[in-house]
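Novice: Using the hints provided, position chain C relative to the given structure of chain F.
2 protein chains.
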Amino acid sequence: MEYKTIGIIHSPFTEPQGMPIQPAGAKDIRGTIEIFEPFRKGLKDLDGFSHIILLYQFHRSRGFDLEVVPFLDSERHGVFATRAPKRPNPIGLSVVRLRGVADGVLTIENVDVLDGTPLLDLKPYIPEFDAQTDVRTGWLEQTKKNVSHKKSDDRFK
Amino acid sequence: MEYKTIGIIHSPFTEPQGMPIQPAGAKDIRGTIEIFEPFRKGLKDLDGFSHIILLYQFHRSRGFDLEVVPFLDSERHGVFATRAPKRPNPIGLSVVRLRGVADGVLTIENVDVLDGTPLLDLKPYIPEFDAQTDVRTGWLEQTKKNVSHKKSDDRFK
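Chains F and C are the protein sequences, given in the same order. Going by numbering that gives the first Met the number 0, 126 is the number at position 127 of the first sequence; the sequence numbering is gapless. Going by numbering that gives the first Met the number 0, 21 is the number at position 22 of the second sequence; the sequence numbering is gapless.
Keep in mind the hints are simulated off the structure, nothing from the lab. Be aware that a few hints might be false.
Copies of the same chain look alike in the list, so a pair counts if it fits in one copy or across any two.
The calculated BS3-like cross-link candidates involving lysine-lysine, where the alpha carbons are at most 27 Å apart (straight line), are [what the hints assert, rightly or not]: (1) K85 <-> K3; (2) K143 <-> K3; (3) K143 <-> K40; (4) K43 <-> K85.
One chain only, chain F, in its complex shape (with noise of 0.2 Å):
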């Protein structure tokens, strides 16, 4: 399958050291998302949700592997069972504040993304079709508390 880039992210973090490893470690950051000229009449009416989740190639990642080291955690675990993204099909999905949309260009909040990141495609968030209730999230049960302050190193370059 053959997918193209349908505009570019852009952020204050242009290495992926040290840059925050989830929207919720990246609280209140901005960036910005330019569409593409001939895609920009699929943005209508998207202004009237406070939340988009954003699918986009982790562009800086180079092959995979089947078991990693994820940033929260000592322990090997199958890729599928993290984040991480040295994945089979290395995209990325972040749920960002959307604050703004005008002339192409949407402004957002709490961006985990590298500047210059190809996004694949917007969707609405809409919690009665995304959000779960009575929830496990095995592995990291016990370390995802520290998502916030967490930062990224080059594990996964």
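Specialist: Showing chain C alone in chain F's frame:
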């Protein structure tokens, strides 16, 4: 960008017409995902998570429209303000309940995808990363309560 199929989703739905339009409309409906052998090592420890995020290809959609009339409304909206399948990059996202993992086969519940759908990626669902509060949902505010009984038709073939 070129992506590969890492597995196949099996569900009771063999045609787009008449199927649920979101996991919320597919409550308790069971399916399975067969992960291809070369990727199975990546499933280690996934069974600790109660919910997973599926990224998959809308393989029965051809082309795309930038404005669409979604299943839940009678007005036209930009495609990025909807979850419609005919998108510039036809990537679908569903959060489903994980019931078990055995021999590379996942048993899942709340399945709203077509039988035979190619899987691109699996991620653990983590409320601290993915769930948002203080959410506005634009044109869906009035109509989203209908998602549990609304069925799809052939408009996005």
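Novice: Going through the earlier hints one by one, which of them does the structure break, listed in rising order?
Specialist: When the structure is compared with the hints, only number 2 turns out to be violated.
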